[in-house]
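Taking the hints into account, I'd like the entire structure generated from these sequences.
Position one of the sequence shown corresponds to residue 3 (the numbering used here), numbered consecutively onward.
To be clear, the hints were calculated from the coordinates, so they are not data collected in a lab. Glycine included, every Cβ here is placed at the ideal spot set by N, Cα and C. The hints are all genuine.
In silico DMTMM-like links for lysine to aspartate or glutamate, alpha-carbon gap of 25 Å or less: (1) Lys203 / Asp171; (2) Lys157 / Asp482; (3) Lys57 / Glu108.
Pairwise CB distance ranges, derived in the manner of DEER restraints: (4) Asp368 / Gly348: 26 to 32 Å; (5) Asp301 / Gly205: 40 to 46 Å; (6) Lys446 / Lys371: 47 to 53 Å; (7) Pro518 / Glu322: 39 to 45 Å; (8) Leu106 / Tyr243: 27 to 33 Å; (9) Ile534 / Asp326: 48 to 54 Å; (10) Pro90 / Phe50: 24 to 30 Å.
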Amino acid sequence: MKFPRSHQLILFVFVILTLAQCAKRGTPEGGPKDLLPPRMTEAIPDTFSIRFTAKKIRIYFDEFVRLKDVQKQLIISPPMKYFPEVRPQGLPTKYIDILIRDTLLENTTYTMNFGQSIEDNNEGNPYSFFKYVFSTGEYLDSLTHTGTIKDALLKVPDNFVTVMLYEVDDKFNDSIIYKSPPTYITSTLDSAVVYTFENMKPGTYFLAALKDKNNNYLYNQKTDKIGFKKEFITLPTDSVYGLTLFKEINTFKALRPTQASANRLIFGYEGSPENMKIDILTPTNKDFEHRITADKTKDTLYYWFKNIEADTLRFKVSNERKIDTFAVPFKKMKKDSLSLKPTYSGNLPLNKPYYLESETPFEKFDAAKISVFNRDSIPIPFQAKLDSIQLFSIDFAKVEGQRYNIKLLPGALTDFYDHTNDSLNIKIATKNDRDFGRLNLDLKFVKQFPVVVQLLNNAGKVITEQVVAQSKIAEFLFLDPMKYTIRVIYDTNKNGKWDTGDYFLKRQPERIEYFPTELDIRANWDVFETFISN
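Structure, rendered in structure tokens:
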């Protein structure tokens, strides 16, 4: 029977679509979804082989698979100097090839953990943590070790944390984590808190962990977090070790200073500015003066100066370990002027002073040129002081739901360069007490004092904190209605803040605990909670 040419074309398209649908793995539309991951059917050489010498491994699967993030997910232990080529990538196939480009160590058991990188082609079901294991020696090492990871500062640790074991032998020293890959390596992958080593040999090891930004298995202090166990571990062991990740303070380094204005220099640095000294080497006269302030958000000190004329200023920058000298050539620039800004926008908290910040350093104030009035224009007593070199406060007894007027006449504030303020007329108000919430936190079950109790918002920013020296109920008043997280710092060195760890000093970070749930503080509510140490 003959068909018109147009009918033949329709029939051809129908046959092609039917064959394509038949060839597709899975269930008909409307049927149950394929939830089964792929499975290995064969490996050449076989997994768990001994006396391994191959340069190419081919692994077959029971369905079409594709690779996803294999460079990130594939963990090889012990690590190879040259990462193997895994292919094909981007195309679905029923096999993958692993091309080994490194010279394998003798008598060593290798483990390749593919994490979640192997998926079926239709639904993306991962072949979770598929491992290919082989030994270049006469037997497979079989010891295992499991432990946990937490973050020193964060409630939830990073995922994909690299955990490493270094064999303690005559080549081992504390610098090895900067220079050499470990003996064994594993990763938390996306479990976030648990790591497992497998196929290891007995021995003594140094245990460490990295949030390895460069994925090179070497510790970079500037970018990586580190955790370590101070004592060596011996395998086999039944112990489960916990590692705490922290970001070290970088080793101190003074950066070359630059000119910011006609009377200000910028001294950048890396690490901690504690014990950092800036000394001028250029000869000065008796009228020369300077002030130093710190930037709130940058690793920067500002050097303010006056009464010196020079084309170039020379400085010595030092701390307890290092000394650098710098020369700063000068060019004509505009001078800094007195600029004031309030630290509050909106209503003034009932329990805090009114603050003014200055970019230039304050030198003095004249309280006789300052007045505070209530809404009825009645003057009220106040206390004024310089809280710091750039922070001025005015404190007075505040009443809820009240309006106030703060007046500063010209000359009330004088900065380092004898600049004074213009007339200021500041109008502010306070909220009603019922607009706030209150938290009473019982610390009677805390085992160690002092502690720093912090309340954080959803973004992790510290909203308020208290240093508590003994067991008591800590009261947090005038809290804005929102959800808070409670963080307790065990202030071991009693300096009122959290201190991170130090790898070379083998010092762990100060311990932190979180209240298990968020607290919903509502307006005009009193919340009572008890904090229990773990």
